[in-house]
Each structure stands twice: as C-alpha cells, then as structure tokens.
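Chain residues, written in single-letter form:
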Amino acid sequence: MSEAVTNLEELKRLAPPAELRRAPVVEGNKGLGWLTDKLSAFAEAKTPLWWWILFIPAAFAATVIFPTCLFYQVFTGVGVWGNNHPVMWGLDIVNFIWWVGVAHAGTLISALLFLTKQHWRTTIGRMAEAMTVFSVMMAGLYPAIHVGRAWFDWFMFPVPNSNGLWPQFRSPLMWDVFAVNTYLVVSMLFWFMGMIPDFAVLRDRSTTRIRKTIFSFLAMGWTGSARHWHNYEKAYVVLCGLCTLLVFTVSSIVGLDFCTAQIAGWHATIFPLYFVIGAVFCGFGMILVILIPLRKWCGLENIITKSHIDKVAKLALVSGLIIDYIYMMEFFIAWYSGDPYERWVFGHRLFGHTYMVLGWMLIGINVCVTQLLWFKKVRANLLLLFIIGVLINIGMWCERFVIVVGSLYQEFLPANWGKYLPTRWDIGLYIGTLGAFFMLYLLFVKFLPMIAISEVKSVMPEADPHHPLGGAKTGGEK
Amino acid sequence: MSAPANKNFYGLMAEFDSPAAILHAAEKIRDAGYRRWDTFTPFPVHGMDKVMKLGNSLVGWVSLAGGAFMFANVAGLIWFANAFDYPLIVGGKPMFSVPMTFVPSYIMLIMGGAVGALIGMLGLNQLPRLHHPLLGKKRFELASRDKFILVIGAKDEKFCATETKKLLEALGGARVELVEDAD
Numbered sequence: 020m021s022e023a024v025t026n027l028e029e030l031k032r033l034a035p036p037a038e039l040r041r042a043p044v045v046e047g048n049k050g051l052g053w054l055t056d057k058l059s060a061f062a063e064a065k066t067p068l069w070w071w072i073l074f075i076p077a078a079f080a081a082t083v084i085f086p087t088c089l090f091y092q093v094f095t096g097v098g099v100w101g102n103n104h105p106v107m108w109g110l111d112i113v114n115f116i117w118w119v120g121v122a123h124a125g126t127l128i129s130a131l132l133f134l135t136k137q138h139w140r141t142t143i144g145r146m147a148e149a150m151t152v153f154s155v156m157m158a159g160l161y162p163a164i165h166v167g168r169a170w171f172d173w174f175m176f177p178v179p180n181s182n183g184l185w186p187q188f189r190s191p192l193m194w195d196v197f198a199v200n201t202y203l204v205v206s207m208l209f210w211f212m213g214m215i216p217d218f219a220v221l222r223d224r225s226t227t228r229i230r231k232t233i234f235s236f237l238a239m240g241w242t243g244s245a246r247h248w249h250n251y252e253k254a255y256v257v258l259c260g261l262c263t264l265l266v267f268t269v270s271s272i273v274g275l276d277f278c279t280a281q282i283a284g285w286h287a288t289i290f291p292l293y294f295v296i297g298a299v300f301c302g303f304g305m306i307l308v309i310l311i312p313l314r315k316w317c318g319l320e321n322i323i324t325k326s327h328i329d330k331v332a333k334l335a336l337v338s339g340l341i342i343d344y345i346y347m348m349e350f351f352i353a354w355y356s357g358d359p360y361e362r363w364v365f366g367h368r369l370f371g372h373t374y375m376v377l378g379w380m381l382i383g384i385n386v387c388v389t390q391l392l393w394f395k396k397v398r399a400n401l402l403l404l405f406i407i408g409v410l411i412n413i414g415m416w417c418e419r420f421v422i423v424v425g426s427l428y429q430e431f432l433p434a435n436w437g438k439y440l441p442t443r444w445d446i447g448l449y450i451g452t453l454g455a456f457f458m459l460y461l462l463f464v465k466f467l468p469m470i471a472i473s474e475v476k477s478v479m480p481e482a483d484p485h486h487p488l489g490g491a492k493t494g495g496e497k
Numbered sequence: 139m140s141a142p143a144n145k146n147f148y149g150l151m152a153e154f155d156s157p158a159a160i161l162h163a164a165e166k167i168r169d170a171g172y173r174r175w176d177t178f179t180p181f182p183v184h185g186m187d188k189v190m191k192l193g194n195s196l197v198g199w200v201s202l203a204g205g206a207f208m209f210a211n212v213a214g215l216i217w218f219a220n221a222f223d224y225p226l227i228v229g230g231k232p233m234f235s236v237p238m239t240f241v242p243s244y245i246m247l248i249m250g251g252a253v254g255a256l257i258g259m260l261g262l263n264q265l266p267r268l269h270h271p272l273l274g275k276k277r278f279e280l281a282s283r284d285k286f287i288l289v290i291g292a293k294d295e296k297f298c299a300t301e302t303k304k305l306l307e308a309l310g311g312a313r314v315e316l317v318e319d320a321d
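Line order of the protein sequences matches chains A and B.
Mapped onto my numbering, the consecutive letters of the first sequence carry residue numbers 20 to 497.
Mapped onto my numbering, the consecutive letters of the second sequence carry residue numbers 139 to 321.
Just chain B, with the same shape it has in the complex (with noise of 0.2 Å):
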C-alpha cells in the first residue's frame, strides 16, 4: 500500500487480543513518538490513562460547576422568593436564614452536580456524533466486544502508510489496515 496524500485517510488500524498487549504496544506508540493515536476497547483499560497521559479528566470540575451553579441560583431564589419578593413571617422567624435554604439548595446542588457530569462526559468527548470514520469499519464492530483496537491518526507528524504500518505489525497488531475518511 503506497502511501498517499494523508487527507484522503483517518489512519491506520490494528488489532490486539488482550488488554495486556494493547497496553504494550501504547507504551511503544508512545515511545516512538506518535501523538495522535488513540485505543478503542470494550472496557477501560487499566493503566491506558497513564500510558496516554491522560491527565485528570476534567469532568468533575463540569460536575462542580453545576452543583455550585444550582445551590447558589436555589439560595438565591429563596432569598428573593420568601425575603425580598413577598416577605412573609412565619413562626417569627427571620426572613432568610442558611437551615431553611439548606435542604432545597443541596438536593438541586446533586440535580446540577449530576446534570454536570454528565453534560461534561458528552462534551468533552464530542458526543453525540452522528458519524465516526472507524464506525464504517467492519471489524472495528469488534472494539466493543473482544478485541482491542490501536488507531494511529493520519494527521500524526511522524505518521507514514509504510513505516507505521511495519511498526504496529512488529507490535503484535494483527490485521493493519487503512482506514477511509470520507471528509
């Protein structure tokens, strides 16, 4: 297979049987240099974080973000329901006070906290998409059952048809091919 003008491409495809072996042959993606790759398996590979350098996802921030936007927009409404809008006395109590807000501020803190998370997931991994190039592939039907799919992308700096295609066989990775991006 000559290799092409990278446009035309998404990149390249391998397959691995066993988590330890994909987990192997990132290390040495890695290594090699590569930086847009990216491994695709039925079930989150422990260590893959690490070997990608993923970092700390940043879904929880999302989560926090929302769960604070929600208690300080509840207490806020409180506020502006029962002291300033339509002031009213009950049991002589004052007009606005942390207990009475509290509860209904912490359960919408877990409404926006949840909301959060799962708003951050979808966004920060560009879902929902209506089409992915590697979905068009047949056998990547297989990345959610058994087995464990290494892509190296064609807009990779060191990515080259032949020579990456050498490197994923030596690691292991059966059946490299080339995968189409009808962009």
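Isolated chain A, as found in the complex (with noise of 0.2 Å):
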C-alpha cells in the first residue's frame, strides 16, 4: 500500500458515527480482486440448470409462437386481430404502450440516478438498460406491424418517393416514429459504451481462444488509460442526460398520440405526465420482478443487497402514489367537466359491464396493493416484493386495455358502439414477444456482464484515492 494509509485508529476515529454512515454498496467486500471474480463469474461458469429450464420455454415462445403469430398477421391481414370499427386500436397498442413503459424504468435507474449520484446504482444498472434495451424491440415491433401492411412501413419514413408525399409532421403519431427509433437506436448505445471497459474486463480474463476473441473485439481495444477514462466519463454524462431527457420524451409522445384526439377519455392535458409515470411505476415493477430471481440465482446477494431492492420498491411506491394522484384527478375531471361524454366514459372504467373487472383490477393493483410498499416488512419480504411486481406489470396492462379499448368501445353515438375482444393471435403474439424478451434476457445474462464491473468498482470506498481505508461517505473499513 502507498504511503497514503496512515493509522488507521485515526482514521475510525475520524470516520461519522456509526448511526450516520451509509450502508456499503456491496456488503461482505473483499477487495477489488474479489470483486472482478465474483461480477465476472457468472459470464464464465457452466450454465446452471434453471438457466435452461427459463430459456428453453422462452425460445420455444419466440422462435415458434411468435414468428408464427407474425407472418400469419403479416400475410393475411389485420383482421385476424380482434380490432374492428369501432376499436381499432386493440392489444397492439395496449402491448406497445405496455413495453415502452418496461423500458422507461430502465433508463430512469441508469441514467437519472447516475445524474443524482446515487451509488447503489451501478449495481443495478446494465440489468436494468438490459431491460429497456430488450422492450423497446418488443415495442417497437408493434406499430411496425399494426399498420396492416408492413411491407409499406417506409412510407413512416421521410425519403423521397415515386409518390411524391412526405409524411405529415403534425402528427404526433409521426413524431412516435421517430421517439421510438430515438429510444431504440440511444439506449442500444448507452448500453453497449457501458459495456466496453466490461467487454476489456472478460476479455482480460477469457481462457479459451474464442473468449479472448469475441471480447477483444467488442472491447474494441479498451486499455483502461486515463485518457480512455477522460472521455468515456464525459460521453457518458452527456448520454446519461440524453436519456434522461428521453424518459420523459418517449412516452409523452405516446401520451400526445391519445390527448390530440377528440375521444372522450383521451382527450386530456395530463395524458402526457399519465404515461411517463405509468411508464415508470410499470418498469420498477418488472425490474423487481428481473432483479429478485437473478440475485439469487446467480449469487449475487453481496452485490444487490437487499438494500437496493429495498430503495427500487420505494420508487416503485412513488411512482405508484403519482399515477394514483392521476387516477383521482382524472375521475374528478370528468366529473367536474360536466362533459356527459367524459362522465359516461369514466363511470363505465368502473360500472360498465363489459370492462369493469380490468377496471376494477388497475384500482386494486395500482392503487392498493402499491400501498403494501409502505410498509418496510413488505419492503424486506422478497417473495412478496416479486408478486407485488407481477402485479404492477398486470395492473398497468389492464390500465393501457381501460385507456385504449375502454374509451373506443363506446364513443359518442351509440350506433357506433361495440366490443373488443382479443382473438387467439392477439394473444399469441403478445406471448412471443414476452418470450422473445425473457430469451434476450437470459442470453445477455449468460454471456456478457450483467453487472457494471469497472462502475461497481468505483464506487468502493477502496477506490477513492483520497480515503484508502474507507471513504468519507460511508465511513467503512477494509
């Protein structure tokens, strides 16, 4: 050691009282080395049993149902669907909805919580892009195919054609095109920069002639210098902020694709907020129930301790009171209009005989079992944390159903009323998608770093040059 470690009773002494320090990012620390093997191990050691028994039915769902589900909508039209005048808008728009607001979670953990200078973070975060990476392709494949002919989905884009027609820029559900591409393309980049001085880690420890291979490759020649460093810092505050102006870009879009129309039920100022917070609150859910299993599984209770589920559950709560505070205020707007229309929509979420049941289960999700998180028991039991996240993810897809089917069914004359219901393709596909998800998942699990090694070394207390024995936040020992 240098020459900077001094005495170390002087160094306790100096240290906050124990009532004032932080609780460590990583317990049970080992040093630095210790770290590298056990971020990196799972990436290296043979492929656990459960590993299989997960990838094999989530293959089997993307690589039969939903290709299956595709073509047949492809080549024989949307009319397979259960869409018809007056609900055109059916599962895939309540899925597409559903799968971006998965990712916006993702994002806000990685990037929002690097800009406030959360630590715990880094422990969670290439998990949690992994997610938003993989959802944004699972959303982004839905207007892709619901426009019925997705041989023509380049007329979304502005190139010139025989026709001699640009697309309409007015048009919020143009700008979708380009927020979802954005999404897509930005935080495949966030990701994969996150991974580089990882990539140079595994390819640093590879054995085997292919590892070293592969990895050097996608390393791409990382040293780990400090001029390497310099830049990389920067490039990735810049993305980070970048992505955080995205969160709430992304789904404010798709919420301006509902208020712009005249639809009683859409037609509201607050949709844009609506969907970033439902977006949100619904992403913590799936990343409670990504993050519960996977610590365990692949041992990594040290490192995603139970105080970080601990901290994702209370956003989880937080968003959940935002979108209940908008649930109220909707109600009451409607009442409070004195539009018949609005009334009639709103009173039929709950009363109506056909949706009330989804109705009533975004009420009892969304608003009160998100209430259990109040409760710091619920927050430590982790078999309840991960049903409580099952039930967000359901509860908030009921929402995207009340919002997009509920207010079409029966618009304002009762001529033109209807009902909905998903076919067997419907369903089929949004079970491909699910499983083409959790196959990327498990794949990304499996062989790159699932956690920011070089991110959760740095925020060691040994990695402060300034405290070698333990950093001025968190008071710890070596």
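Do not rely on the hints blindly, as some may be mistaken.
[Stated by the list, open to error] Calculated pairs, DSBU-like style, for lysine-lysine (alpha carbon to alpha carbon, straight line, at most 35 Å):
| # | chain 1 | residue 1 | chain 2 | residue 2 |
| --- | --- | --- | --- | --- |
| 1 | A | 65 | B | 276 |
| 2 | B | 166 | A | 136 |
| 3 | B | 275 | A | 465 |
| 4 | A | 136 | B | 188 |
[Claimed, not checked] Residues of chain A placed beyond 12 Å of chain B at every Cβ, according to the derived structure:
| # | residue |
| --- | --- |
| 5 | 68 |
| 6 | 86 |
| 7 | 93 |
| 8 | 94 |
| 9 | 107 |
| 10 | 315 |
| 11 | 388 |
Calculated directly from the structure, the hints in this document are not laboratory data.
For each residue, glycine too, the CB sits at the ideal point set by N, CA and C.
Two chains, two separate frames, one set of hints: put the complex together.
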C-alpha cells in the first residue's frame, strides 16, 4: 500500500458515527480482485440448470409462437386480430404502450440516478438498461405491424419516393416514429458504451481463444488508460443527460397520440405526464420481477443487496402514488367538466358491464396493492415484492387496456358502439414478445457482463484515492 | 537492463496496488518533467485528470455538434417536405412554423447528440484499434482487475531505460519492466 495509508485508529476516529454512515454499496467486500471474480463469475461459469429451464420455454415462445403469429398476421391482415370498428386500437397498441413503459424504468435507473449520484444504481444499472433495450425492441415491433401492410412501413420515414409524398410532421403519430427509433438507438448505444470497459475485463480474464477473440473485438482495444476514462466519463454524462430527456419525451409523445384525439377518455392534457409516470411505475414492477430471482440464482446477494431492492420498491411506491393522484384527477375532471361523454366513459370504466373487471383490477392493484410498499416489512420480504412486481405489471397492462379499449368501444354515437375481444393471434403475439424478451434477457445474463464491473468498483471505499481505508461517505473499513 | 534504441520499446510499465499510490506516483512523474506517460486503471481514479492536466474532454463538443447538426437537418427537412416540395394546407395552419417542427427536431437532436457522444469518445480515444503493445503483456491483464499500472513512453524526451526504471521503483512501483513494441 502507499504512504497515504496512515494510522487505522486515527481514521476510525475521524469516520462519522455509526448511525450516520451509509450502508456500503456492496456487502462482504473483500477487495477489488474478489469483486472482479464475483461479478464476472456467472458469465464464465458452466450454465446452471435453472437457466435452461427458463430458456427453453422462452426460446420456444420466441422462435415458434412469435413468428407463427407474426407471419400469419402479416400475410393475412390485421383482420386476424380482434380489432374492428369502433375499437381500431386493440392489444397491439395496449402492448406497445406496455412495452415502452417497461423500458422507461431502466433508463430512469441508469441515467437519472447517475446524474443524481446514487451509487447503489451501479449494481442494477446494467440489468435495467438491458431491460430497456429488449423491451423497446418488442415495443417497436407493434406499430410496425399494426399498420396492416408491414411492407409499406417505409412510408413512415421521410424518404423521397415515387409518389412524391412526405409524412405529415404535424401528427404525434409521426413523432412517435422518431421517438421510438431514437429511444431504441440511444438506449442501445448507452448500453453498449457502458459495457466497453467490462468487455475489456472479460477479455483480460478469458481462458479460451474464442472468448478472447470475441471480447477483444467487443472491447475495441480498450486499455483503461486515464485518457480513455477521461473521454469515456464525459461521454457517459452526456449520454445520461440525453437518456433522461428521453425518459420524459418518449412516453409523452405516446401520450400525445391519445390526447390530440377527440375521444372522451383520451382528450386530456394530463396524458403526457400520465404516460411517463405510468411507464416508470410499470418498469419498476418489471425490475423487481427480474432482479429478485436473478440476484439469488446468480449468487449476487452481496452485490444487489436488500437495501437496493428496498430502494427500488420505494421508487415504485413514489411513482405508484403519482399514478394514484392522476387517477383521482382523471375521475374528478371527468365529473367536474360536466361533459356527459366524459362522465359516461369514466363511469363505465368501473361500472360498465363489459370491462369493469379490468377497471377494478387497475384500482385494486395500482391503488391498493401499491400501498403495501409503505411497510418496511413488505419491502424486506422478497417473495412478496416479487409478487407485487408481477401484479404491478398486470395492473399497468389493465390500465392501458382500459384507456385504449375502454374509451373506444362506446364513443359518442350509441349506434357506433361495439365490443372488443382479443383473438388467439393477439394473445399469441403477446406471449411471443414476452418469450422473445425473456430469451434475449437470459442470453444477456449468460454471455455479457450483467453488472457494470468497473462502475461497481469505482464506488467502493478503496477506490477513492483520498481515503484509502474508507471513503468519507461510508466510513467503512477495508 | 541496458538502454537500447528507444524505437524497439513502447515504454516502461510499473504496477501499483491502490488508487492513492498511483495518484501520488503520477504527481511525482509529472513533477519530474515527463510528458509521454499514462496510467491504466480498472476504473477512473478521482483526481487523475487534474494530475495529468487533461483539461476538459472534447466529447461534449462533438456531441453538441452531432445534436445541432441533426436538429438543423430535421427542421430543414420538414420545411423542405411540408412547405417547399409539397406544400399542403392542414387546418389552415402556416406551411412552416416552429411548434410543428420542434418535436421531431428535438428527438433527432437527442439521437445526434448520443451518436456524437459515442463517436466522439471512440474517436478521441483512437478506438477501435486492433492492437496495443500493452495488451501483449501478461501482467497488463490485471489493469482491468485490481492493479494500477503506470507507463512511461519510450518516446518521452526524458526517457532512459535505467534512470526511469529507478525512478518508478523509488516511487513504489512493483515489477517495473520494459514493454516491447512490435512496430
């Protein structure tokens, strides 16, 4: 050790009292080498049985159910779905918003929590980003195929064509094309750039020639030079800032798709905020669903500590409370506006005969179940948190269904009313996207650095050159 | 180890055990007047950019340029498409106005800024590169694990295989060794 290491007793005396110390980011830390071994262990070890047990059904859904439903729909037409007049937006748009929503929490965790210097995000950031990338892929698919003639998708892009036509840039649906594509590209860039130093770690640790070649290629010659880090950190901050903007932009634009329409139940200025917060809430549910089993099965209990899960649960609670407030406002404004159509739509969300089950599931989960997260005992009970995470995803799916279908099926003219039921192709495609998402996620966990190795190391007490025995913030001992 | 012609060598490499050790060593190397040297660490060491006088990274400017380029281009494209090439009256609104162009242009600003940040980072770091003399050293693999490596380039004016080695050892550097350069 260097000369900077001084008297241990002196440092202990200078450290803040126990009750003021923050919990260390990583528990049971035994040094940087140990941490490197621990964090790269899963990508290097033999594939465990649970991975195969999850992977095979996911891969079946992704490679059999998914293409079957996709190609049948593309070759036959959107008529195979339940969408029909007056419900022209069915499960395709419900699932689109749901998948975009799942993506948002990942960006929020990795970007916004970086800008606010939350060190605990380093352990879950990469997994959250991967969730973002894969769910935006699933989301982007839906608008591309729900247009009916997927081979004309290029009409959505402003390319010169023989028709001499251009897209209409005043439409939020057009903005959506830009927003979702940008989200996909930027979240992938962010994810990939964050992995470059970790690819270098895996490259340097690789024992076989094939691993060495692949990771050398991916690491692009990263050496960890101070000059590299200098530019890398700047690029990281810039990307975090841009990603944070995206969190607030993409779902706002999806919300604008709705609120620029005249349909009662959609035509509300609260929609952009509503969709952003709903997206984040749903994504925190998905984070809980993914993190809780993986931390156990991958042996990462010391890294993704209970305290981190507790913080994610608190963030889920906060976003859930904002959602609850928006529900209250929606119902209040519908009543207060005196608009009979608004009142009709909102009354029928809870007391209409067709979709009231979904309306009450929405209230039951997003309003009632979320309140359980106030209790510390609930936040410490991982099984319960996992169940709450699944429920939040279901609740938010119900919310999107209620908004999309619940507003369309009984619009202004009673002669224009109808019902909507998804067909097996709707449901099959949803199962297919779920399978594809989990298949990609499992492949990511198995082959790529699922925890940001260099980032976790950089927030360890011994990584702070000014406090060799413990950072000022942790007061921890080595 | 005698001092050979500097051309066959990339430099001298020394290992340190902690971020504090390499930071102090870097200060001494800088004060000794060396210019072509670098540190290789598993994570960015706080304060190293000041010691090495790296200044402000230019990545932010590359990102800004990318973002501004995309913003201007998309706004221009919308003007071209909706006001010049195929003017179409929609709701009696003007053919071109700032509110209608802002959202797509702003979204593409984010895209341009992000691509600019990545390209700027890679470009300024001269990545991707297929080979680096240091990557051939077995001990250098630990620079991504828990060792902190300081390298003084053979092209440095003050570089002298014996004297520089003595200096690195005096600063607490372990396993000081010469790095060959294939070029």
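Now for the hints, and whether the structure bears them out:
1. 65/A / 276/B: holds, 25 Å
2. 166/B / 136/A: Judged against 35 Å, a Cα distance of about 31 Å means the pair holds.
3. 275/B / 465/A: holds, 28 Å
4. 136/A / 188/B: holds, 21 Å
5. 68: For residue 68/A, whose nearest Cβ neighbour in chain B is about 30 Å away, the distance exceeds 12 Å, so it holds.
6. 86: Fine: 30 Å to the nearest Cβ keeps residue 86/A off the interface.
7. 93: Fine: 27 Å to the nearest Cβ keeps residue 93/A off the interface.
8. 94: holds, 32 Å
9. 107: With a cut-off of 12 Å, residue 107/A remains clear of chain B, as the shortest Cβ separation is near 22 Å.
10. 315: holds, 26 Å
11. 388: holds, 35 Å
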